[in-house]
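Participant: All chains, full assembly: derive it from the sequences and hints.
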Amino acid sequence: MTSSKSFSKRLSMFVLLFTSLLFLISIFIAAVSSHKLIAEEATRSATNMLDAVNNEVQRKLQDIESSVRNLSWVIKDNLDDDQALYHLTERMVRENADISGCAIAFRDGFHEGEHFFSPYSYRDADTEAVLTMQLGNDSYDYFFMDWYLIPSLLKKPYWSEPYFDEGGGQQFMTTYSVPVYDADDSLLAVVTADLNIDWLSETVSQIKPYGNSHMFLIGRNGQFLALENMDALKGNSIYSAALQMGNDELAEIGRCMVHGEKGMKRFMDDGKLSFAVYGPLDNGWSSAITCQYKEVLERTSKMHLILILIAAIGLFILFLLCYFTIRKLTSPLVEFSHAAKNIAQGNFNTRLPNYRYDDEIGKLRSSFEYMQKSLNEYIQELKTTTSEKQRFESELNIARSIQMHMVPHTFPKRDDLDIYAMMQPAREVGGDLYDFFIKDGKLYFAVGDVSGKGVPASMFMAITRSAFRFIAGLGLPMDEVLSKINDSVSDGNDSGMFVTMFTGCLDLATGHVEYCNGGHNRIVVVTPDGSPSFLDETPNLAIGLFEGFPFRKQQLELARGSRLVLYTDGVTEAETAEKSQYGDAALLDWAGKAAGITSARDAAEDLMASVRTFTGGNEQNDDITIMIINF
Amino acid sequence: MKLRVLFTALVLHTALASAQKLTFVPQWTPQSQFAGFYVAKEKGFYSDEGIDVVIRHVTANSNETPMDILLSGGAQIVGQQLFQSIQHRSGGDRIVNVMQLTHKNGLCCVGRGPVASFKDLDGKRVCKWLIGYAEICEMLEKMENVNIDWQPCFSLVNLYVSGAVDASLCYSYSELLQLDLAMGGIPEENIIRFSDYPTLNIPEDGLYVTEQYYKANRETVEKFVRASRRGWDYAREHIDEALEISWKYMMENNIVTNHTQERRMLEEYLSLQVNPRTGKPDYAPVSQEGFKAIVAGMLDKGAIQNSVEYKDFVK
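Each protein sequence line maps, in turn, to chains R and F. All residue numbers for the first sequence refer to the working numbering, where the first residue is 1 and numbers rise by one. All residue numbers for the second sequence refer to the working numbering, where the first residue is 1001 and numbers rise by one.
Everything labelled a hint here was simulated from the structure, so no lab data went into it. Keep in mind that this is a model prediction, so the values were computed, not measured. We put the CB at the ideal spot given by N, CA and C, even for glycine.
Taking lysine-lysine and the DSS-like style, the derived pairs with C-alpha atoms no more than 30 angstroms apart in a straight line are:
1. 1315/F / 1104/F
2. 1124/F / 156/R
3. 234/R / 1248/F
4. 1043/F / 234/R
5. 1215/F / 1292/F
6. 262/R / 208/R
7. 1280/F / 1315/F
8. 262/R / 36/R
9. 1124/F / 1142/F
10. 262/R / 156/R
11. 1119/F / 155/R
12. 553/R / 439/R
13. 442/R / 413/R
14. 1124/F / 155/R
15. 1043/F / 1315/F
Taking CB as the label site, the calculated pair distances span:
16. 111/R / 1147/F: 30 to 38 angstroms
17. 1188/F / 260/R: 23 to 31 angstroms
18. 132/R / 1256/F: 24 to 32 angstroms
19. 1143/F / 263/R: 42 to 50 angstroms
20. 70/R / 1146/F: 39 to 47 angstroms
21. 198/R / 1233/F: 36 to 44 angstroms
22. 1300/F / 198/R: 47 to 55 angstroms
23. 1054/F / 294/R: 48 to 56 angstroms
24. 70/R / 1138/F: 41 to 49 angstroms
25. 260/R / 1274/F: 34 to 42 angstroms
26. 63/R / 1147/F: 41 to 49 angstroms
27. 63/R / 1143/F: 46 to 54 angstroms
Facilitator: Okay, here's the thing in structure tokens:
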């Protein structure tokens, strides 16, 4: 199936497709590279932000740690003065805005007979006033509270896990505790400072590298400490949130954070591919910033979109440019096509379109021009040849007519003789001949076959026939007739042509036959009883080969009712398509069967029909001549 | 007509007056471990029985136990573990078990590393709850012939996470889940389950009233038990709704928790209600033979000094 699209359209489409493909590959590579770079830059940027916030938080925590450590040193100088200890806690809260409560929780029995002793000051959430009290009683056994027990057991300062302070104004708190030891290294007290960490959520909620970015802090137990929407996740650990969301990647991030690792991991945030950078704080907490890749790459994606749009417009313009340019460039081809069609229709002088460049189309035009010229010459030549051929054919027809008129067409109607002859040349003119005439009660007859075919053979046949009629008419014996004919045609026979010829003279009164065979096929004699046989003949050379050749004659006595069948080799050598020849046997067979056909004409036509039946319509390859003489 | 109106008003008045008020104290602060009771209250199952139940909780940082509240008259019915309750009864507190909630012991010991048996904890510091459990810990030490440094505390989870202890006692439906969520997973090889030790696999939660109250208000107690069972059956069939109802109680009491933890707790707790004999959940009391074995074990290990009779204790 061929496309009906024009060459210019197809070429333009190909250029467009190829260019688009190249462009898409380029855009893809550029997009992947730029996305990678931007994602890396975003990760770096988020990590820097994270470090900055961690540093800020740590600075604040360190301030509190320093204050508590200082207090832990100071109390040792005031162990004898309970009021001073109360005062120290009160001053600690009053002078540190970030500290919402401070306690010096002494060991059991610090005051003899007393289980609890713990001066404690705190800032009232409503009035902001700093209030002081004794902490610890039967319903608040601080010895088993995290802030006391854990640093005591660990023997080192400890930031408690965040807790919700029910009594202190519904705040999210953490407590920094420092164990203090006496001279014999026994635990003396645990000094604490409470830190309201609600501000942490405010701080982290301001960290938003992108619209849907989040920063959060978790404690050592994975619990959220600070988050933009803390209320929604209060009481949740990163694992519980991850489990609730069915997000294993988030749980893995939480695991890394709890183990104090620093790094970056990808995960799905609300169905969107995101990354989280995370890093630990000195106190065991960990913070993270999450960013959605879609937002990170939004600007680049927009830029790529614009680029694709510009490219699409550019490609469209390129297509139009290609299309019209190619159409213009190839328009002569269309004109050439029309011209070729005109030439094909016989208008050989059709004007070719003008083209002034010597490029491929210019060369095509030259070729066209050459072709047109050649065609013109060829047609002219063809016309001449055709004309000559027609003339030649006409002349051949005339020659055929002449040749056919050279042999007798009128057959005598006599009681003592029935003779008929027919000649069928293979071409317009043939090289066979036959002749007969009656003179002085004798029938002179001849059948010949000139070597070759066509015009030269017909000319040779005409000469031979004229010679026979003239020489035989002299009443000479048959051997002399052939000798004279031979001498006559041999003289000046430069073409090397020859003719086989059978001549005879039948005395119509007696049936005596004198004959001479010059290299011709043996004739068939059918006796009155219908028995056919080839005539016994003395061989002679064909006529025209050797001047002065001594031909020898023979004689035969024919009984009344006999038949002579003369023919040329066109009969016996008639071929089928399979190259099988009619042959002598078939001829004899026919002669036997045709003995009952009394008319010479009918017998001749029957033999011709027999030959044609045998060849089965195969083209006649030699002249055929048949002569039947019924005596 | 006037007579009929007067009669109706009298019946209504009598019905209202007979809606007996009852205070119930579960073992701990609000959590989905008590979902069945919250459901019974919120779905009106207690009202359907004609009792007016008030659910009161202990506070996390208090030394006061539900049994203390029961014995001081602050509540008429409390939730308590079988082990501690037998101890109370053995010590002379005339309390009776009116309903058994679980058939399996949920106590575990979680090490910071792999622990194959209690012997791996010999000489190690293990935290336990501040109140109670002293006797079961002693019983465990005697049984396994180990000496564990038990560290009482309020928050097992924080102590464990801080690294201040080598292991922690915990419940499979509570602290174990919290630790799992805090640590991002606890390997099973770090856990020793009490239920794997026949002597320690003592069924846990049950409902207790004083013998005196039971005798005087048997019908009321039975109404409470019936409604509570209905509440638990409903909770088992409607876990989401039960969690939603429980969540309300937790928020009202400013409990800091999360949905994942509470769902896992309820699911684990419901699994402890499956009777190992039938493979189905029920509230069948401890069998007489089982009870005798528990008491004998406790006597043998010194957890109690006086025997407790099944017929006196289980109602």
